[in-house]
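Chemist: So the sequence lines, in the order shown, correspond to chains H and W.
Its first residue numbered 1, the first sequence is counted upward by one per residue in the UniProt record's numbering.
Its first residue numbered 1, the second sequence is counted upward by one per residue in the UniProt record's numbering.
Derived by calculation from the structure, the hints in this document are not laboratory data.
There may be inaccurate statements among the hints.
[Unchecked claim] Here are some chain W residues the structure puts well away from chain H; computed CB gaps all over 10 Å:
| no. | residue |
| --- | --- |
| 1 | 35 |
| 2 | 111 |
| 3 | 162 |
| 4 | 177 |
| 5 | 191 |
| 6 | 193 |
| 7 | 225 |
[As the list claims (entries may be wrong)] Covered stretches of chain H, as calculated for chain W (at least 3 residues, CB under 8 Å):
| no. | segment |
| --- | --- |
| 8 | 33-39 |
| 9 | 45-56 |
| 10 | 70-84 |
| 11 | 101-113 |
| 12 | 138-144 |
| 13 | 155-169 |
Please read all numbers here as calculations on a predicted model, not as lab measurements.
C-beta atoms are modelled at their ideal positions from N, C-alpha and C, and glycine is treated no differently.
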Amino acid sequence: MTELGSTPAQTVGPYLAIGLPWPDGPYATVEDAEHAVWIRGIVYDGAGVPVPDALVETWQADQYGRFASPADSNEVATGFRGFGRCPTDLEGLYGIRTVRPGPVREPDGVEQAPHIDVAVFARGLLHQVVTRIYFPENERANAADPVLTRVPMERRDTLIARIGPDGYRFDVRLQGAGETVFFDV
Amino acid sequence: MRSPRQRSEPTEHGGYRRDPEGTHPPLDSPSYRSTVLRHPKQPLILLPHRMTELTGPVFGEDRIGPVDHDLTRQHAAEPQGQRIIVHGRLLDGNGKPVPHSLVEIWQANAGGRYRHTGDRWPSPLDPNFDGVGRTLTDARGNYEFITIKPGAYPWGNHDNAWRPAHIHFSLFGTAFPQRLVTQMYFPDDPLFAQDPIFNSVPDPAARQRMVSEFDLARTVDHWALAFRFDIVLRGSAATPFEDEEHEA
């Protein structure tokens with residue numbers, strides 16, 4: 001087998017906004033899809049200051065636990081893309097329009113609690129950082145989730161979205177008090 | 001950023017191989033000052049590759065406009081600067097081409113200025129250059145852009161700091177762990193030695209993989225110089241024995 005070394009990651013730098021945002025980026029599902037919700041949050045740095053030049057990307061299953069990917073042979077819900085991408089604004093705020101995913105049943109029978117994989121890119125991040133969004137409604141599934149249970153109990157709440165007035169709220173703290181749990185992918 | 005004991009250990013479902021230590025920059029790279037308040041201080045937690053990590057979005061032709069790959073034809077007239085062809089292959093770590101995959105780029109103009117409100121250094125904008133391109137790789141993983149050579153530019157990181165000329169690249173591959181944003185550099189840039197972003201990659205061999213090669217064979221007489229930049233995304237551990245006859 002040919003084994004090639006990976007190309008290293010580099011920061012998106014301060015000007016990612018000219019290249020990466022798409023007009024339809026925030027829509028992981030079509031705007032008016034059944035049960036569509038907004039997930040919004042602020043990305044903070046280690047001084048607690050909002051990060052106005054980050055990009056948040058999300059990847060997830062639909063409400064039935066199916067992925068819009070050739071690696072999943074199941075058909076996804078109509079209008080569901082599963083991928084969202086949103087730059088933060090001057091207040092550090094991003095928003096993704098999506099549906100709450102269903103539990104994901106693995107080929108080996110393991111069931112994962114509903115979750116969304118999240119990658120954050122920014123100036124000052126030489127590699128994207130990866131986290132997950134879980135949902136407060138799925139308390140029992142969360143307690144049994146094979147990934148969440150790897151996370152020290154006292155830090156798990158950084159991965160659980162909160163219910164807000166118009167959808168979910170998921171802030172990302174890159175560093176310091178309440179630092180979000182990030183994964184080695 | 002990856003802890004050594006987890007190196008190249010396949011996950012329970014195969015998944016994607018972990019890159020050797022030194023391939024990617026540590027998130028805590030204090031000589032690049034913006035990392036100071038933005039790198040996590042808690043250890044990263046190993047994420048086994050399951051369905052969410054074994055899948056990824058697919059983008060089609062509908063995302064690409066007719067001149068998105070040609071940054072010299074997006075306005076009424078041509079931009080200023082040295083016209084170049086930037087091309088290469090998108091491969092995975094098993095040497096397998098990644099076909100029909102979205103490649104996005106953005107860059108400064110010939111004078112080293114970005115079309116971004118935050119870039120205010122005194123070098124002129126070019127009305128004929130946005131500095132943004134996108135394309136899909138073909139069936140064999142090849143991509144090609146036509147653009148102009150970006151200029152170097154100053155930044156405030158340290159005294160008299162200059163970024164070496166570079167083009168930002170964004171790649172998806174076929175699964176979430178293959179997602180890569182990197183920068184393509186140009187050969188023999190005298191600014192490499194003082195650049196903390198280029199030098200943030202610990203392994204010198206890995207660092208060189210970000211440097212394109214001048215490609216005389218692909219230059220076009222009386223029209224454009226050419227640079228080749230092959231990009232390697234993480235290889236899958238699930239299919240360790242590819243049949244190699246298909247590797248050209």
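Chemist: Decide, hint by hint, whether the structure agrees.
Modeler: Results for each hint:
1. 35: violated, 5 Å
2. 111: Non-interface label stands for residue 111 (chain W): nearest chain H Cβ at 15 Å, farther than 10 Å.
3. 162: About 14 Å separates residue 162 (chain W) from the closest Cβ of chain H, which puts it past 10 Å; holds.
4. 177: Answer for residue 177 (chain W): violated, closest chain H Cβ roughly 5 Å.
5. 191: Correct as stated: the minimum Cβ-Cβ distance to chain H is 15 Å, above 10 Å.
6. 193: The assertion about residue 193 (chain W) holds, with a minimum of 17 Å to chain H.
7. 225: holds, 22 Å
8. 33-39: Check failed, 0 qualifying residues.
9. 45-56: holds (count 6)
10. 70-84: holds (count 6)
11. 101-113: Coverage by chain W holds for the segment 101-113 of chain H (6 residues, Cβ < 8 Å).
12. 138-144: As far as the segment 138-144 of chain H goes, the hint is violated, because 0 residues have Cβ atoms under 8 Å from chain W.
13. 155-169: It is violated, with 1 qualifying residues against the three required.
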